[in-house]
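Novice: One-letter residues, chain by chain:
Protein chains: 4
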Amino acid sequence: MSLSVHFGWPLRVYWEDTDAGGIVFYANYLKFFERARTEWLRALGVEQHALKGQTQGMFIVSETQLKYLGPARLDDQLWVTARLIEKGRASLVVAQEAYKMTPTLSLGDPSQGPKLCEGHIRIGWVNADTLKPSRIPQTILEKFE
Amino acid sequence: MSLSVHFGWPLRVYWEDTDAGGIVFYANYLKFFERARTEWLRALGVEQHALKGQTQGMFIVSETQLKYLGPARLDDQLWVTARLIEKGRASLVVAQEAYKMTPTLSLGDPSQGPKLCEGHIRIGWVNADTLKPSRIPQTILEKFE
Amino acid sequence: MSLSVHFGWPLRVYWEDTDAGGIVFYANYLKFFERARTEWLRALGVEQHALKGQTQGMFIVSETQLKYLGPARLDDQLWVTARLIEKGRASLVVAQEAYKMTPTLSLGDPSQGPKLCEGHIRIGWVNADTLKPSRIPQTILEKFE
Amino acid sequence: MSLSVHFGWPLRVYWEDTDAGGIVFYANYLKFFERARTEWLRALGVEQHALKGQTQGMFIVSETQLKYLGPARLDDQLWVTARLIEKGRASLVVAQEAYKMTPTLSLGDPSQGPKLCEGHIRIGWVNADTLKPSRIPQTILEKFE
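Protein chains in written order, with this note's numbering: chain Y, 5 to 149; chain P, 5 to 149; chain S, 5 to 149; chain W, 5 to 149.
Rather than coming from a laboratory, the hints here were simulated on the basis of the structure. Computed from a predicted structure; not experimentally measured. It cannot be assumed that every hint is accurate.
Each pair may be met inside one copy or between any two copies, as identical chains are not told apart.
[Unchecked claim] In silico EDC-like links for lysine to aspartate or glutamate, alpha-carbon gap of 20 Å or less:
no., residue 1, residue 2
1, K147, D80
2, K147, E122
3, K56, E20
4, K104, E51
5, K56, E90
Could you build the full structure based on these sequences and the hints that come with them?
Specialist: Shown next, in the form of structure tokens:
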């Protein structure tokens with residue numbers, strides 16, 4: 005499905021996201037990536053809160069690798085992407101990038117502004133009570149085909 | 005201007021917003037309120053980052069009063085309002101509320117779902133370097149007429 | 005017990021606490037106050053996580069009122085106090101203050117530095133599953149006598 | 005200097021650190037690591053806020069790699085380490101780990117509890133205004149010898 009190949013989500017930088025260096029605090033890109041990843045999963049039909057009720061399972065982040073390439077500032081608009089790059093039985097790896105939108109670019113292809121951050125996020129499927137890893141339900145795996 | 009009377013902004017609850025009680029962490033409503041307040045100011049033509057460059061001044065939060073009326077949970081959609089209730093020479097008071105959107109309500113009037121949080125936020129105008137209070141520039145005050 | 009009358013907790017300001025204004029982001033004082041309040045409760049013998057297992061109840065913040073009096077900056081050391089000012093059957097009100105420690109003051113009375121923030125926090129006792137208000141267990145109320 | 009080889013810092017898990025999964029939100033380990041890294045630098049004589057005034061330079065995080073090995077919960081005490089593993093002209097790589105302290109272990113060697121998170125953080129030296137990479141001042145590099 006094309007959504008599993010390419011997905012983007014717009015974000016605005018607020019005071020809460022910045023630090024005394026005048027730029028977005030680096031740890032907050034993990035939050036930005038998660039917002040985009042959540043919306044990507046939702047667009048694929050994977051509602052995390054509902055799933056927890058149905059399957060007693062949930063995705064949990066098990067590894068993160070990020071590179072910071074440039075600063076974002078207050079009021080900037082960002083475009084955050086999500087793309088599946090590895091599909092295992094118990095975990096997925098999602099490649100994610102954050103771009104700065106510019107007035108002209110936002111009208112066209114927002115992912116062609118300067119890239120500010122890129123990374124890989126591994127999410128594993130676990131039992132929601134024990135947090136033990138388990139196999140991703142087939143109904144979820146099918147969403148990524 | 006009607007925007008200064010009534011404004012709403014939609015938000016989604018992500019993992020980052022929740023705590024181990026299974027609900028939105030109360031301090032995060034200050035962030036939600038600020039996002040809505042920022043977009044309300046932007047809609048009125050007040051761009052905070054640009055203003056800082058032009059006037060060497062900025063708004064700073066000087067008082068907050070919040071009441072928590074009900075819980076929000078992961079994946080909930082919220083509708084956050086902002087409304088000017090006091091306009092002084094050096095500060096403004098903004099009344100804000102957060103409502104839970106429901107599938108049917110979100111199509112009609114989103115502010116008629118259950119109210120989760122309400123509060124008053126006082127923002128004062130300060131010199132960006134010294135953080136000393138000063139008079140709000142007339143060009144900004146006019147936006148609220 | 006004197007702890008319920010006066011308690012203080014030291015904190016350091018890190019990058020995560022600041023915003024692009026170069027100072028501590030105002031919403032973070034709610035976090036600072038909660039850290040101090042948690043340690044005050046712990047000093048009184050009230051362990052929140054353990055209580056949740058024993059009583060199926062927990063404290064939840066229901067009202068916050070804060071005034072911001074001065075800025076804190078990166079690397080500053082703060083002294084955050086907690087003091088019970090109202091004890092009801094279902095809720096408590098805690099007065100809290102944040103002071104900036106100075107090199108000389110920290111050796112003496114840290115609460116005599118400049119006051120940066122003050123507020124009242126109402127915490128209510130709720131059933132941990134339903135989040136419905138209920139009476140504070142007597143064994144907890146006794147800690148505040 | 006032995007501090008650059010091994011350093012540990014204690015932390016407590018508060019409500020602000022947890023998410024609706026009942027455990028510490030993974031992005032917050034970047035904050036925990038930064039608190040320990042800041043205190044490690046301070047112990048080595050590197051005060052970041054003061055340095056910014058003196059040198060117009062500052063450290064900025066340029067890469068993060070984290071693995072999440074186990075959950076931390078509300079009220080847990082953690083022991084977070086920092087150790088220099090690479091020293092370049094313009095950047096340093098710091099290896100960091102978070103351990104759960106246990107009542108007996110905290111009296112002895114806190115770093116022998118279960119390991120919850122481990123990672124590598126690359127920090128680069130930049131001009132505080134332009135954010136352009138530059139060489140780490142010699143007076144700072146000497147601290148790590």
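Novice: Please go over all the hints and tell whether each is borne out by the structure.
Specialist: Here is what the structure says about each hint:
1. Taking the shortest alpha-carbon separations for K147 and D80, neither the intra-copy value of 33 Å nor the inter-copy value of 22 Å comes in at or below 20 Å.
2. For the homomeric pair K147 and E122, neither the shortest alpha-carbon distance inside one copy (24 Å) nor that between copies (32 Å) is at most 20 Å.
3. Taking the shortest Cα distances, K56 and E20 sit within 20 Å of each other only across copies (17 Å), while inside one copy they are farther apart (29 Å).
4. Within a single copy, K104 and E51 get their C-alpha atoms only as close as 28 Å, which misses the 20 Å cut-off; across copies the closest is 18 Å, which meets it.
5. When the C-alpha separation of K56 and E90 is checked against a cutoff of 20 Å, the pair qualifies neither within a copy, at 23 Å, nor between copies, at 40 Å.
In this structure, the hints that do not hold are numbers 1, 2, 5, in rising order.
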